[in-house]
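Protein chains in written order, with our numbering: chain A, 1 to 556; chain B, 1 to 203.
Since the hints were made in silico from the structure, they are not lab data. Honestly, I wouldn't trust all of these hints.
[Said to hold, decoys possible] Listed next, the in silico DSSO-like pairs over lysine-lysine satisfying Cα-Cα at most 30 Å (straight line):
1. B:Lys-150 x A:Lys-250
2. B:Lys-110 x B:Lys-186
3. A:Lys-250 x B:Lys-125
[To be verified] Far from chain B, some chain A residues (derived; all Cβ distances over 10 Å):
4. Pro-24
5. Ser-34
6. Phe-54
7. Ser-164
8. Gly-203
9. Tyr-240
10. Val-345
11. Ile-370
12. Ser-551
[As the list claims (entries may be wrong)] Where chain A lies over chain B, by a calculated footprint (3+ residues, C-beta under 8 Å):
13. 18–32
14. 52–64
15. 103–115
None of these values were measured; they are calculated from a predicted model. C-beta: ideal position from N, C-alpha, C; glycine also.
Spelled out from the first residue to the last, the chains are:
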Amino acid sequence: MPVFHMDNRLWGSMDITQSFFETPAPARYKGILSWLITTDHKRISLMYLFSILFWFFLAILLGGLIRLELMFPGQTFVSAQVYNSLFTLHGVIMIFLFIIPALPAIFGNFFLPIQIGTDDVFFPKLNLLSWYLYMAGGIIAILSLFSDGFPDTGWTFYVPFSISTHTNVSTAVFAAFVLGLSSMLTGLNFITTIHRMRHSLMGWMQIPLFTWSLYATAWVQLLATPVVSITLLLVMVERYVGVGLFDPAKGGDPILYQHLFWMYSHPAVYIMILPGMGVISEIIPVFARKSIFGYKAIVASSMAIAVAGSLVWAHHMYASGMSDTAVFVFSLLTFVVAIPSAIKVFSWVSTLYKGAIQMAPPLFLSLCFIYLFSVGGLTGLVLGAAGTNIHVHDTHFVVAHFHFTMFGGTGFAFFAALHYWWPKMFGRMYNFKRAYIGAALLTGGFMFHYVPMFILGLQGMPRRYFDYLPRYETGNFLAGFGAAFMIIGMFLMIMNLLFTLRKPRNASSDPWGGTTLEWQTPSPPPLHNFISEPEILKYPYDFTGVVERYSKETKE
Amino acid sequence: MNTIINPVTLVDQSFYFIIGFSFIFLFAMTLVMIWFVVRYRRSRHPVPADIRGNLLLETVWIIVPAFIAIAMFISGWQSYTGLRNVPQGALEIEVIGQSFSWLFYYPNDKETENEIVVPVGTPVKLNITSTDAIHSMYIPAFRIKVDAVKGIYTYAWFLPEKEGEFFFQCTEFCGTGHADMTGVVKVVSKEKYEAWVAQEDEW
Chain A
1 MPVFHMDNRL WGSMDITQSF FETPAPARYK GILSWLITTD HKRISLMYLF SILFWFFLAI
61 LLGGLIRLEL MFPGQTFVSA QVYNSLFTLH GVIMIFLFII PALPAIFGNF FLPIQIGTDD
121 VFFPKLNLLS WYLYMAGGII AILSLFSDGF PDTGWTFYVP FSISTHTNVS TAVFAAFVLG
181 LSSMLTGLNF ITTIHRMRHS LMGWMQIPLF TWSLYATAWV QLLATPVVSI TLLLVMVERY
241 VGVGLFDPAK GGDPILYQHL FWMYSHPAVY IMILPGMGVI SEIIPVFARK SIFGYKAIVA
301 SSMAIAVAGS LVWAHHMYAS GMSDTAVFVF SLLTFVVAIP SAIKVFSWVS TLYKGAIQMA
361 PPLFLSLCFI YLFSVGGLTG LVLGAAGTNI HVHDTHFVVA HFHFTMFGGT GFAFFAALHY
421 WWPKMFGRMY NFKRAYIGAA LLTGGFMFHY VPMFILGLQG MPRRYFDYLP RYETGNFLAG
481 FGAAFMIIGM FLMIMNLLFT LRKPRNASSD PWGGTTLEWQ TPSPPPLHNF ISEPEILKYP
541 YDFTGVVERY SKETKE
Chain B
1 MNTIINPVTL VDQSFYFIIG FSFIFLFAMT LVMIWFVVRY RRSRHPVPAD IRGNLLLETV
61 WIIVPAFIAI AMFISGWQSY TGLRNVPQGA LEIEVIGQSF SWLFYYPNDK ETENEIVVPV
121 GTPVKLNITS TDAIHSMYIP AFRIKVDAVK GIYTYAWFLP EKEGEFFFQC TEFCGTGHAD
181 MTGVVKVVSK EKYEAWVAQE DEW
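From just these sequences and the hints, can you work out the full model?
Laid out in structure tokens, this is it:
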């Protein structure tokens with residue numbers, strides 16, 4: 001059916017009654033229940049979207065408070081104890097409730113089945129259970145606030161401090177345990193869906209790159225998460241029973257905890273970044289109207305990152321007292337992971353070469369992603385090298401580095417994905433001008449916020465410091481300003497998107513000219529995703545059809 | 001004693017090498033990216049080429065970065081070995097981290113808190129442990145950092161080449177007093193040091 005590009009003239013009134021918003025699944029429930037008991041992957045995706053946005057903005061607020069406290073030396077408005085809980089809460093929410101689930105649970109849930117031409121995930125009920133586990137984890141984390149005070153350990157829960165502190169570490173690590181279960185089940189669901197439910201005409205080398213990145217991610221979610229789950233339970237066992245696994249006085253080893261923790265938590269950063277890379281690999285070709293450069297290399301590098309990224313955890317531990325041999329091995333392996341990431345950056349930039357590039361908010365955010373993520377990756381080389389790592393380990397340099405990769409990377413990919421797929425998910429196009437202003441404020445504020453932290457780190461300012469030496473005043477003051485611009489920019493972008501919900505649906509089925517299957521169905525899609533059998537391209541990024549179609553339209 | 005290479009020089013060379021390369025790479029890549037976006041904008045270049053890859057180019061950009069990565073690894077590892085190989089004849093000081101201060105014990109059992117006095121030109125080895133949570137001894141001026149862990153001894157060494165005062169900080173989060181665990185390394189002349197270390201403790 002070649003009608004999909006004739007946009008709203010044809011779909012206009014027809015699809016309003018047909019989209020998944022109007023057809024609950026299972027059909028017997030109406031109103032709020034049609035959401036809470038739904039097994040439709042698109043509805044579950046939207047429930048994730050709004051719950052994740054809630055946590056995201058809460059954690060942004062906490063991050064803003066941290067920077068406000070640090071803008072001036074000495075105590076500004078919170079005590080050291082509250083400050084320690086603030087950065088712990090900021091970290092725990094951002095890691096476990098925002099950045100790990102954000103791209104897979106929202107956009108993966110919505111677009112993975114559509115991109116492979118099917119009607120749902122393999123286990124729809126398990127998918128709903130994952131959302132409930134996610135919510136349960138969030139609520140348990142909040143409960144710990146009202147008991148003995150939120151943990152003051154940092155999101156890493158390092159022993160023996162996490163075992164001896166009087167704050168409510170047990171509840172918080174249990175929350176992380178429940179969230180880990182949710183993440184594992186999502187991973188399991190995605191792997192099964194990709195293997196079992198792909199369109200019969202779609203081979204492995206015809207899968208869109210976003211889905212490929214989710215596939216690589218899902219394996220890490222499934223295999224690495226159990227390690228941290230067990231480790232967090234061990235912390236609880238230690239707190240209640242005191243077996244002494246991590247206590248040298250009883251023959252235990254505190255560094256063992258760090259190994260177990262990072263064995264998950266380093267691969268977890270690839271859980272966070274891989275889907276973001278997948279999003280960028282979708283957006284760049286669409287707006288350049290040109291095939292992605294090196295499809296197979298990008299697929300291979302996703303899998304290589306998933307495998308090699310699981311073998312570098314102890315590069316967080318060069319200063320921990322582990323053996324020099326371990327430092328040698330983990331430093332070398334860390335440099336190995338740098339190569340597949342570099343391949344992706346080269347491929348994205350080469351895709352732009354001789355394209356027909358149309359600037360739009362998703363592309364603007366993607367270009368910012370490439371720049372910011374490259375800074376994050378390159379400063380990662382400083383941290384991967386053993387000698388230089390020692391100086392900047394546990395300083396603000398590390399804080400800036402991982403915010404460049406996780407926020408400048410995954411965070412920007414999240415915003416890019418929102419702007420790219422928003423018309424598809426809600427059937428409404430947003431205001432470009434406000435989106436550009438928001439994105440520019442965010443990027444400018446971002447640089448102002450995190451670049452001073454690199455310098456502070458090189459000058460030796462440790463992280464997690466409530467107070468600091470006078471020499472670090474200027475940098476902290478500037479960073480506070482940057483934070484304000486960032487928060488305004490993000491707020492503007494999200495409000496701009498939410499405002500469209502009050503307007504009637506106006507987005508065509510294919511507003512950008514994409515080649516993947518989600519653009520062959522109305523916006524928003526119907527309950528079973530497709531009205532007619534989707535056309536599977538031999539090569540998923542073959543834009544010759546799109547180019548032809550648009551050249552015809554301009555002639556008309 | 002023959003000349004000792006100060007690891008600070010090695011570490012700084014490694015910093016310059018990695019950061020310098022990164023700047024060049026980032027600058028070039030960003031420039032190319034912006035140039036492509038401007039040069040091939042749709043209003044000026046409406047018909048895109050259909051290029052799906054280039055085996056030679058892709059091989060080159062795997063092999064070249066691989067060599068650069070190895071070079072960076074080697075530079076980092078060499079400076080790290082500089083930090084780990086303690087020269088002979090070092091002054092050994094025992095360091096105990098506790099919540100929230102640092103204790104130092106000299107070979108003659110002289111004890112100080114949050115302050116070390118060392119003679120200029122003599123390598124100093126710190127043998128570090130903790131009595132409770134994990135702490136970390138960080139002296140930015142000497143590029144050294146190592147965790148203080150209960151039950152094991154870790155070490156770090158430095159070569160004070162100039163007289164002066166250099167601060168140290170705790171860099172492993174250990175609780176409310178974490179940011180207060182700072183102190184100072186006083187590098188003094190050998191004569192002053194001898195006089196100071198021979199003094200009886202005041203307490």
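Hint check:
{"no.": "1", "hint": "B:Lys-150 x A:Lys-250", "result": "holds, 12 Å"}
{"no.": "2", "hint": "B:Lys-110 x B:Lys-186", "result": "holds, 16 Å"}
{"no.": "3", "hint": "A:Lys-250 x B:Lys-125", "result": "holds, 29 Å"}
{"no.": "4", "hint": "Pro-24", "result": "holds, 41 Å"}
{"no.": "5", "hint": "Ser-34", "result": "holds, 42 Å"}
{"no.": "6", "hint": "Phe-54", "result": "holds, 28 Å"}
{"no.": "7", "hint": "Ser-164", "result": "violated, 7 Å"}
{"no.": "8", "hint": "Gly-203", "result": "holds, 16 Å"}
{"no.": "9", "hint": "Tyr-240", "result": "holds, 19 Å"}
{"no.": "10", "hint": "Val-345", "result": "violated, 7 Å"}
{"no.": "11", "hint": "Ile-370", "result": "violated, 6 Å"}
{"no.": "12", "hint": "Ser-551", "result": "violated, 8 Å"}
{"no.": "13", "hint": "18–32", "result": "holds (count 8)"}
{"no.": "14", "hint": "52–64", "result": "holds (count 7)"}
{"no.": "15", "hint": "103–115", "result": "violated (count 0)"}
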